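S.K.: Sequence:
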Amino acid sequence: MEVETAEEGLGPAFNGTSCAVCHNVPAIGGGVMLETRVGYRDPEGRFRGLNAEGDTLMHLFSVPTHGCQPMIPDDVTVVARRAPIPLFGAALVEAIPDEAIRVLEDPSDRNGDGVSGRAATIRDVATGEPRIGLRHSAAGLHNIGGGRTEEGGGRTEEGGGRREEGRGKREEGGGGRGRKRDEGVGRAGEGTRDMHSIRRERPEDIPGIRHVNGAAFDTTLEADLVDALRQQAPSLISMVAVENETVVGHILFSPVTLSSHPGMPIMGLAPMAVVPGRQRQGIGSALVTAGLDECRRSGVAAVVVLGHAEYYPRFGFAPASVFGVVSEYDVPDEAFMAIELEPAILKGKSGTIAYHAAFAAV
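1 is the number of the first residue of the sequence shown in full-length UniProt numbering; add one for each residue after it.
For the record, the hints were derived by calculation from the structure and aren't laboratory data.
Keep in mind that the hints are not guaranteed to be accurate.
[What the hints assert, rightly or not] Pairs of lysine to aspartate or glutamate, DMTMM-like flavour, derived with a Cα cap of 20 Å:
#1 Lys349 / Glu328
#2 Lys347 / Asp109
#3 Lys349 / Glu105
#4 Lys347 / Asp333
#5 Lys347 / Glu334
#6 Lys347 / Glu105
#7 Lys349 / Asp333
#8 Lys349 / Glu53
#9 Lys347 / Asp75
#10 Lys347 / Glu201
#11 Lys349 / Asp106
Keep in mind it's a predicted model, so treat the numbers as computed, not measured.
Produce the complete structure using the sequences and hints provided.
M.R.: Dropping the structure here:
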């Protein structure tokens with residue numbers, strides 16, 4: 001197929017084909033077809049390309065200004081054909097950080113350019129992690145490297161939260177002086193044992209939830225916070241990861257208040273914990289994803305989180321300041337994030353997020 005207009009964009013070309021149509025995927029040698037390059041050589045032997053930028057490649061799949069190709073100008077004096085360069089290590093597309101893609105999301109067309117949308121996310125069946133766009137269909141670094149790659153490119157939030165220096169407010173969920181245990185970088189898939197399931201909290205899970213939060217942090221503050229919110233806050237969304245009837249992970253969403261729109265249903269994600277022996281194995285990511293889905297089903301308009309800026313954007317979070325929303329706590333701008341569960345629900349609704357009073361004790 002060929003892209004005929006600028007409005008069609010690159011999407012149809014990449015959906016209908018891929019770079020692999022012309023480039024080899026990854027193997028030694030050239031591609032399966034030849035590429036054509038053209039230009040002009042003047043009587044003095046000087047060469048120039050097709051335009052001021054010096055372009056010479058005739059694209060088989062292209063958009064303006066190239067036009068529908070290949071179309072070789074009649075007056076060119078140099079025509080060369082060669083095998084396209086191989087795309088060695090095609091899976092390195094995973095080296096593009098999710099944040100670099102998500103920062104370009106503009107679901108409500110805030111910049112007024114007429115283009116809106118979100119990055120398409122599909123869950124990787126092998127790891128349980130969300131992957132953006134066509135990356136779900138390409139071999140991952142985890143596969144090519146024999147499963148020896150760091151999950152998510154670094155430390156996750158599955159029991160690895162850090163305390164802000166000089167502040168006493170932990171970066172996850174708006175409170176906590178504790179440092180989570182087992183903060184070393186783990187390996188995806190290492191130690192993976194039984195399959196876990198994610199579901200809503202049940203009464204019989206309460207002791208296990210307290211154990212998980214106590215095991216993941218070096219104090220009982222988070223466990224005490226969960227107990228207090230369970231008693232004092234309405235409409236909690238509490239999810240657990242269970243293996244063999246044992247709670248191994250927990251995530252809590254509690255109501256927060258936006259100063260400019262106090263009646264808007266917004267939740268704060270905090271805390272989230274996984275027992276040390278099961279961290280870095282995708283349980284935390286599964287809890288976040290399942291928790292956000294449950295929030296959507298429950299009519300929650302948006303969710304905020306105070307956490308690691310390199311971790312939460314993979315789930316769709318962006319700096320809350322993008323929406324004009326700030327935290328009641330004095331925290332770095334990039335650490336306080338929000339996600340709209342209803343499109344454009346935060347547009348024009350700037351204000352300050354206040355957490356439940358129980359967070360003051362953390």
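S.K.: Taking the hints in turn, state whether each one holds.
M.R.: Taking the hints in turn, this is what the structure says about them:
This hinted pair checks out: lysine 349 and glutamate 328 have alpha carbons roughly 16 Å apart, not beyond 20 Å. Between lysine 347 and aspartate 109 the CA atoms are separated by roughly 10 Å; this keeps the pair inside 20 Å, and the hint holds. Taken as a hint, the lysine 349 and glutamate 105 pair is honoured in the structure, with Cα atoms around 19 Å apart against an allowance of 20 Å. A C-alpha spacing of about 18 Å is found between lysine 347 and aspartate 333, which places the hinted pair at or below 20 Å, so the restraint holds.
For the suggested pair lysine 347 and glutamate 334, the alpha carbons sit about 19 Å apart, so the restraint of at most 20 Å is met. Between the alpha carbons of lysine 347 and glutamate 105 the distance comes to roughly 14 Å, so the proposed pair stays at or under 20 Å and holds. For the given pair, lysine 349 sits about 18 Å from aspartate 333 by alpha-carbon distance, which is consistent with the 20 Å threshold. With a C-alpha separation of about 44 Å, the suggested pairing of lysine 349 with glutamate 53 is violated against the 20 Å cut-off.
At roughly 53 Å between alpha-carbon atoms, lysine 347 and aspartate 75 are farther apart than 20 Å, so this suggested pair is violated. Distance restraint check for lysine 347 and glutamate 201: the Cα-Cα separation of roughly 32 Å exceeds the 20 Å cut-off, and the hinted pair is therefore not satisfied. Of the supplied pair hints, the one linking lysine 349 and aspartate 106 holds, its CA atoms being roughly 17 Å apart against a limit of 20 Å.
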